[in-house]
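Undergrad: Below, each chain spelled out in residue letters.
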Amino acid sequence: MKRSTKIGVGAVALAAIAVVGALTVRANDASADDAADNTVKTADAAPLDPAAVARGHQLAVAGDCAACHTAPGGKPYAGGHELQTPFGTIVSTNITPDRDTGIGNWTERDFFKAVRHGQAPEHMLYPAMPYTAYVQITDRDMHDLWAYFRSIAPAKASGKETSLPFPFNIRLAVSGWNLLFFDNRPFVQDNTKSAQWNQGHYLTDVLGHCGTCHTGKNVLGGDKSGTYLAGGTLQNWHAPDLTASPATGLAAWSQEDIVTYLRTGSNRHAVAAGPMAEAVEESTQRMTDAERQAIAGYLKSLPAHTTATQQPLAASDPAMVRGKVIFEASCSACHTATGQGIAGMATHLADNSAVRSDDPASLIHVVLDGARAARTQANPTGAGMPSYAWKLDDADVAAVLTYVRNSWGNAARPITSGDVADARRSLGARKAL
Amino acid sequence: MSGTKTREKADVVIVGLGWSGSLIAEELTRAGLNVVALERGKWRDTATDFPPAIDMDELRWATRRGMMQPQAVETVTFRNNSEQEALPVREWNCFQFGWNVGGAGTHWAGMTWRFNPWDFEVGSKVRQRYGQAETTPGLQLQDWGITYDELEPYYDRFEKIAGTSGTAGHLNGSIKPHGNPFEGSRSSEYPTPALKDTRWMGMFRETTTAMGYHPFTIPAGNISSEWTNPLGVRMGPCTYCGYCEMFGCGNWSKSSPQACVLPALTGRDNFTILAEAEVLHATLAEDGKTAKGVVFIDANGQRWEQPADIVIFTAYQIDNIRLLLLSKIGKPYDHKTGTGVVGRGYAYQTISGANLFFDDERFNPFIGAGALGVQIDDYNADNFDHAGLGFVGGAGIMAFSTNGRPIGMADSVPQGTPRWGAKWKQAYAKSYQTSATIFNQGTSFAHRDVFADLDPTYTDRHGQPLLRVTFDYNENDRRMAKYTMDKAVEIGKKAGASRIEPFNSAEGANTPYDQRSTHTTGGAVIGADPATSALNRYGQTWDVHNVFVVGASSFPNNGGYNPTATVGALALYCARGIIEKYLDTRGPLVEA
Numbered sequence: 001m002k003r004s005t006k007i008g009v010g011a012v013a014l015a016a017i018a019v020v021g022a023l024t025v026r027a028n029d030a031s032a033d034d035a036a037d038n039t040v041k042t043a044d045a046a047p048l049d050p051a052a053v054a055r056g057h058q059l060a061v062a063g064d065c066a067a068c069h070t071a072p073g074g075k076p077y078a079g080g081h082e083l084q085t086p087f088g089t090i091v092s093t094n095i096t097p098d099r100d101t102g103i104g105n106w107t108e109r110d111f112f113k114a115v116r117h118g119q120a121p122e123h124m125l126y127p128a129m130p131y132t133a134y135v136q137i138t139d140r141d142m143h144d145l146w147a148y149f150r151s152i153a154p155a156k157a158s159g160k161e162t163s164l165p166f167p168f169n170i171r172l173a174v175s176g177w178n179l180l181f182f183d184n185r186p187f188v189q190d191n192t193k194s195a196q197w198n199q200g201h202y203l204t205d206v207l208g209h210c211g212t213c214h215t216g217k218n219v220l221g222g223d224k225s226g227t228y229l230a231g232g233t234l235q236n237w238h239a240p241d242l243t244a245s246p247a248t249g250l251a252a253w254s255q256e257d258i259v260t261y262l263r264t265g266s267n268r269h270a271v272a273a274g275p276m277a278e279a280v281e282e283s284t285q286r287m288t289d290a291e292r293q294a295i296a297g298y299l300k301s302l303p304a305h306t307t308a309t310q311q312p313l314a315a316s317d318p319a320m321v322r323g324k325v326i327f328e329a330s331c332s333a334c335h336t337a338t339g340q341g342i343a344g345m346a347t348h349l350a351d352n353s354a355v356r357s358d359d360p361a362s363l364i365h366v367v368l369d370g371a372r373a374a375r376t377q378a379n380p381t382g383a384g385m386p387s388y389a390w391k392l393d394d395a396d397v398a399a400v401l402t403y404v405r406n407s408w409g410n411a412a413r414p415i416t417s418g419d420v421a422d423a424r425r426s427l428g429a430r431k432a433l
Numbered sequence: 001m002s003g004t005k006t007r008e009k010a011d012v013v014i015v016g017l018g019w020s021g022s023l024i025a026e027e028l029t030r031a032g033l034n035v036v037a038l039e040r041g042k043w044r045d046t047a048t049d050f051p052p053a054i055d056m057d058e059l060r061w062a063t064r065r066g067m068m069q070p071q072a073v074e075t076v077t078f079r080n081n082s083e084q085e086a087l088p089v090r091e092w093n094c095f096q097f098g099w100n101v102g103g104a105g106t107h108w109a110g111m112t113w114r115f116n117p118w119d120f121e122v123g124s125k126v127r128q129r130y131g132q133a134e135t136t137p138g139l140q141l142q143d144w145g146i147t148y149d150e151l152e153p154y155y156d157r158f159e160k161i162a163g164t165s166g167t168a169g170h171l172n173g174s175i176k177p178h179g180n181p182f183e184g185s186r187s188s189e190y191p192t193p194a195l196k197d198t199r200w201m202g203m204f205r206e207t208t209t210a211m212g213y214h215p216f217t218i219p220a221g222n223i224s225s226e227w228t229n230p231l232g233v234r235m236g237p238c239t240y241c242g243y244c245e246m247f248g249c250g251n252w253s254k255s256s257p258q259a260c261v262l263p264a265l266t267g268r269d270n271f272t273i274l275a276e277a278e279v280l281h282a283t284l285a286e287d288g289k290t291a292k293g294v295v296f297i298d299a300n301g302q303r304w305e306q307p308a309d310i311v312i313f314t315a316y317q318i319d320n321i322r323l324l325l326l327s328k329i330g331k332p333y334d335h336k337t338g339t340g341v342v343g344r345g346y347a348y349q350t351i352s353g354a355n356l357f358f359d360d361e362r363f364n365p366f367i368g369a370g371a372l373g374v375q376i377d378d379y380n381a382d383n384f385d386h387a388g389l390g391f392v393g394g395a396g397i398m399a400f401s402t403n404g405r406p407i408g409m410a411d412s413v414p415q416g417t418p419r420w421g422a423k424w425k426q427a428y429a430k431s432y433q434t435s436a437t438i439f440n441q442g443t444s445f446a447h448r449d450v451f452a453d454l455d456p457t458y459t460d461r462h463g464q465p466l467l468r469v470t471f472d473y474n475e476n477d478r479r480m481a482k483y484t485m486d487k488a489v490e491i492g493k494k495a496g497a498s499r500i501e502p503f504n505s506a507e508g509a510n511t512p513y514d515q516r517s518t519h520t521t522g523g524a525v526i527g528a529d530p531a532t533s534a535l536n537r538y539g540q541t542w543d544v545h546n547v548f549v550v551g552a553s554s555f556p557n558n559g560g561y562n563p564t565a566t567v568g569a570l571a572l573y574c575a576r577g578i579i580e581k582y583l584d585t586r587g588p589l590v591e592a
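Just so you know, the sequences run in chain order R and V.
In terms of full-length UniProt numbering, the first sequence has 271 at position 271, counting the first letter as 1, and numbering is strictly consecutive.
In terms of full-length UniProt numbering, the second sequence has 144 at position 144, counting the first letter as 1, and numbering is strictly consecutive.
Among the hints, a few may not be true.
Using C-beta positions, here's what the derived DEER-type ranges look like [claimed, not checked]:
1) V/R7 / R/G418: 51 to 57 Å
2) V/G301 / R/S163: 35 to 41 Å
3) R/P312 / V/D359: 54 to 60 Å
Just so you know, the hints here were simulated from the structure itself, not pulled from any lab data.
We put the CB at the ideal spot given by N, CA and C, even for glycine.
Pulled out of the complex, with its shape left as it was, chain V reads as follows (with noise of 0.2 Å):
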């Protein structure tokens, strides 16, 4: 098909359907304006995409990544420092493109979690306390243009459209037993009870609460009981089945888009979806101030433009940068000054830990859910003080039982174990009930010599640059991990553990084909100063004031957890912004 056809003009489009596009549509629908979401990925729907309407099949979905997008669609290329030339990435482990409606909010874990107040002031924050003493060089340390306390209503709308389960441990300005003692104040309770314990769990419960630290149930989106939220959608409580990620649920028990937002928003009028239309870039008026709509290609190959007054690009995390550089808006970053901020403050999340192996256990670990695990934060964020330890940040130490999948845990042998055979299989049915993680998710500081930049070599099949991804851990990542480490041999030796091998995935060059995380973020983040950030608080883009940009993709760091109730909080203060304010200035939100 030739030529490019045009749509009827549309008041908002929005580029990706996932949290971010779902939970802004549903805003912006409500207050009456006109939305037309475009999806590259799929329909997909619990009762007939997800387990079980089809076979909850390890190999399939997990192993083969059956939910994620092709490679041949879209990859990154990626490098340790720029020295290097970057390849493209062929297997999806620490990148994992979403490819349906829903997105990564499909098949995502479920771990719900609130960023600590300090991640969101760390520029000014550790200047105050340690000043220059305890940060590597290059380093960008900033403040988000927004607080915790600014963002509290938001988390807290999010968690309850989630149906978040947990224990509150910081209610209203008072400490509350069982919960987090060093989250930030919250104003509700959570919706749903917390997740019940496995043994491991309990154990690192017990073992943590000996050694004086403060364990609590961590956050989940595989909720505890039966939840109706406030968009008047029901979702049914976690049968514990353990195949949340990777997979869609079929219980309605987690939270994604498709359990607790479209229904809601597929009943309206004035909202109108596209899945399977790829948006290229967005189009920009003559003189570059404003943009006029975006460019798509259809399932069937047909080119189309879809004008809208305001443009959203709610993608994934290395999609938003690159839909940024591909239409031009916002200054790139150029590594070589320093300057620009397009593919700057990109960062990852810093893993270390330990697996341990008990002589006599019964773990029974295919009881498990997404999200489900106990963890400490005695050791995250600046809970601690780091003088003299020459690093800042830290990491939620956890004990998770996600799940028991025979294939993913086939490796949960000590080392050493021959990798096939009698002997092979003797392990793992032991270690299958007799092993455990304690896994610690870190922080992840931007720095000068990490960054995002469309590749010189590389293209999709549109013949569009791919994202070329620059990363390697920094030195305070290294100390930060290798601290942590420490803490989680010293309680698997606690628990009992016979046997401990402690793990840094920070020791070596980082690779996107070693899965310790998913979590990539930044690239296009917010922030109060325009030198710094691509975008302002309400993830509007500084320099073209109709273009909002919402997701992992505007954290200026990354927390020691997982981003998606952040995400989902940022993309509801944006569509806040844009109701209460932009409908009527149609021009910059904050001054620049």
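Next comes chain R alone, as it looks inside the complex (with noise of 0.2 Å):
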């Protein structure tokens, strides 16, 4: 090779380097948070505005802070969650005003930075903490959230830590996570639209992070282009396409579905289940009916992210003539023999485009390991799915799944034995006797 060639690539290397530096630089700079003060502890005594603290109680609500930062049984916010991802385990931080174990000698600028940037004082926190979300929450907002969080009793966390295995467990790379996957920007008003469609935009976006599972995920964890709330798989759970697909998106679900399902956890369509019945039960069955509206109106205005359709398998297909006798000898008693369920308890199976999902690991989930349907002050019935794990082999499951996929104005593709297989040993579910 010539010298000059030499020098040539070095220079472009260089410029490389520089390029990706710089926008490195860009995607972690938490300038923004200079807007929050730097002296006053989150711990130290201050006469708080009462409506301040009223106002961010409602958007830690919106934000579900709890869901990740009570642990099951713990005191509120005393972290000790543990989240199961791809890259192990991540134990959610204590966020009361404690000082040794909390966040009680936080800033208001370190809380800014935590919450939008993922800037800890301490270390960078993975991106299992929505930041890449909560970036577009308002200064006004983080505001009356900090406020918020100084106003409630001060806890002792748990002692677990969060400790993945190589190269997860350096820190730093999430700086180079940044650079690819977080889209460090303010929230912007669309001016063309109303009011209340800014609102729910700003809800279903940023406080309700609403795509950190409704959004495909790239194999390292970042959002995948063109999957907008399209419908994302995570820890074994789809959750669906949110866009107005007519076979597998909110087509059917009229605004009031979705006001009613977010408030009471269920409707004529669906019962929540699994994550999403802890965001009902912790988030959205708290928020007010206008917040509601307001995100049903938002995702009611979303253009449909697919609009193929299938057909059904045959009723004589082997799989669907199974099915069907597992369907009525296991399933019909709660679900019915057409799919209509138990209002609030027994999720509707007929024509419901979660079911025509075509990722279906939920469906495998659910009869695998049995679920718990949201308790809500609105209906605290918290029916339950049984386990069938015990009780039904792979090829029942695939076949019950697939019959259910494909009956009652359903259609969808088959399931496997090879799919159920992959989730009952993903699950650790036992095997069927």
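Hints in hand, dock the two standalone chains.
TA: This is the structure in structure tokens:
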């Protein structure tokens, strides 16, 4: 190689490093958080503005902070909740104003940087903390959130800490991840749309961080482009398509259906279970009706992600024949022979878009593991789906779900025994008798 | 583990979390009190512990009593009269101790009756109508200190919580078609419509109508349609699977504390359940006038004190009596002198009827539900003139379709059939589809010679005496059972049975190994007179004002019905008494 070529390659490489470096800096630029004070500590005694605290509480509800930062049976916001990710178990931290184990010694600016940019005073946060969404929280909302967290009772943390395997234990690597996947920009109002639409957009994308589950993810956990709210799969649960896709989305849900679902945990189409049940219990049932209406209106404004539809399998297909027998014997008592379900308890399976999701992870999950419906003020029942892992083998589960996915107005790709075997392994579900 | 630890004081401690305990806890926590419930059995829940989450295994759950408390934990000793030595009962038939949160309200069949208004006032009503003429010597007929009309709003509330299915026969004072014309007046229709008839129920309905009787569908805790109860809890419709009694319902359609009350209750911060916690007794203050709390042993053998301002026993009927005796609350009944109140008023259920065999029928008994049946009340309570009959009371005469479970029905072959082998199989295959039963569920009244006390010999694993039951039928029972048995035979003949085998359980001595009924009642009864009752109408003990007791143990006499709805109504009445009166006065709610 000629010397000049070497220099040329070197220059390009240097330029590339410089560009990458500059972009990395931009991706990790938290100067927007300079809006916050950097002297007063969270735990410092101070008279708090009750209006700000109340607003902050409502924002914490909308942000569903408790879902991750309160462990089952634990003190509110004291952390210790274990989040299973493809990279290992991440333990949520104590965000009460405890000086030793919480955020008592953080300043307001520390709080802003952690929430909006994933930069805690001690280290970078993993993007399991949805700062990728929270980056768009407005300064005023951040200020009120901080006021709220200053007002809650300090509590000691459990002592459990995150320890991911190499290389994910190098937290600095998150800055590179941010370069690739963190869209470090503030919220922008769309002045061509109504105030309600903008509020819905903000609640959905920013505080509600719905895309964390409902947008597809790539192998590094970043958003997959072109899959905005079109469904994603995490922890063996498929969060369904929230767009107007006729087969798999919310096309058949009215705005009122969405509001009812968010308030009560169920509606004429669906009963929330799994992580969505937690989101309803901790967050959406505690929102105001105006907030739920805004979210519903925003979701109903989204264009269909896909218009693809399928033809149902023939009733004579061997999997359908086998599935029908299993369904009638094991499922029809609650879901009824024609898939009508029981209001507020057992999901209405007929003509149900979530049942038709291309990714059947949730369907297989509930059959193998069982599930608990959301328990809300409006519907405290908390009906449960029993686990059928002990009773149905992989081929049975595949057949009965294939039958459900292709009956009573549903049409979707068949499920194979292999799909079920993989899920059974990954869930650690027992073998059938 | 040694030593006794002390828990933080509660406003109320509830001992036993079945129907009574959960209903009272719901009322009291809603009123803002801090309630701790101690339950000896395990936590058992619909989606994880009942079919189809587990196998629908008749041998395990029904034959072997898989949901019942093991006798090693506690049993009863039994004898027929005070001359005999009582022996421990070693198999659950007439006694069925629950062994889980929900108590017997989890494994019950579901018959959700209100007692007849007469049942609450047998003392005065019998004296009024018959004087001494029809009464057997030794009967202790007495009023409850509360009337049907006073209890009606609480029955109504219980049915709405339970989602009870049925058709009203006496609504706001007027008699309605298809319901029970003899029932006390109801303030509202049943929450969900009556269940559907099976073939056998239809035959019984048609036959008894033709005979001039008044058949109606039995009110059932197997609910017929979707229901949202006043606590916001939802239930699903019954599928007529027939796995009700001895099983938990996995379909959310049998009324139970799990299905109806606990979902609302367990979400409350002022409510705590400690399961697998066995209460030994209450502890009294120095002067014996109030209780300080209870002592219990947890699953690890640790002994605890649970201090509380109010102590409520809502355990199984047997245990309510036993807890009072072990806690030395109230004067024990003394058979020799006929004085004392705790252990007095024990009663059972007097059963007769007829097994019927038809030549050519297909009853399809696998279509069933625990409380699915048709009944006539024409010979129940005081619905007919007893003059010259030599007994009081009566029986509900029912045709039920509770289940078609293969092991349990294996005995439903004609008498004289071989007990095994090809002939038995052939007979069973036929009688499975062609046999039916008319079942008379009769009244039972307290008697001087029938009582419960602490056994002098046998103890439980903690060294505490077992409860000893001294019971046998009396002349009143025998005559009543025979009279109603003859009615069942007449109905069987009219229905076209080719073979009729009548039965009268009161004919011989009573044995706890014969499961004619599981409805043992009384022993810690409510009443207006402290000389003949352990409790006032609120279930408050006459002697220790902060101790309340609710259960079938409260009944001064047993009606010709299943006890659950009356237990539920008394529990709600007790809770209202505590909230509306006791919290202000902290003293006796009724002057002794």
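Undergrad: So which hints don't hold here, by number, going up?
TA: 3
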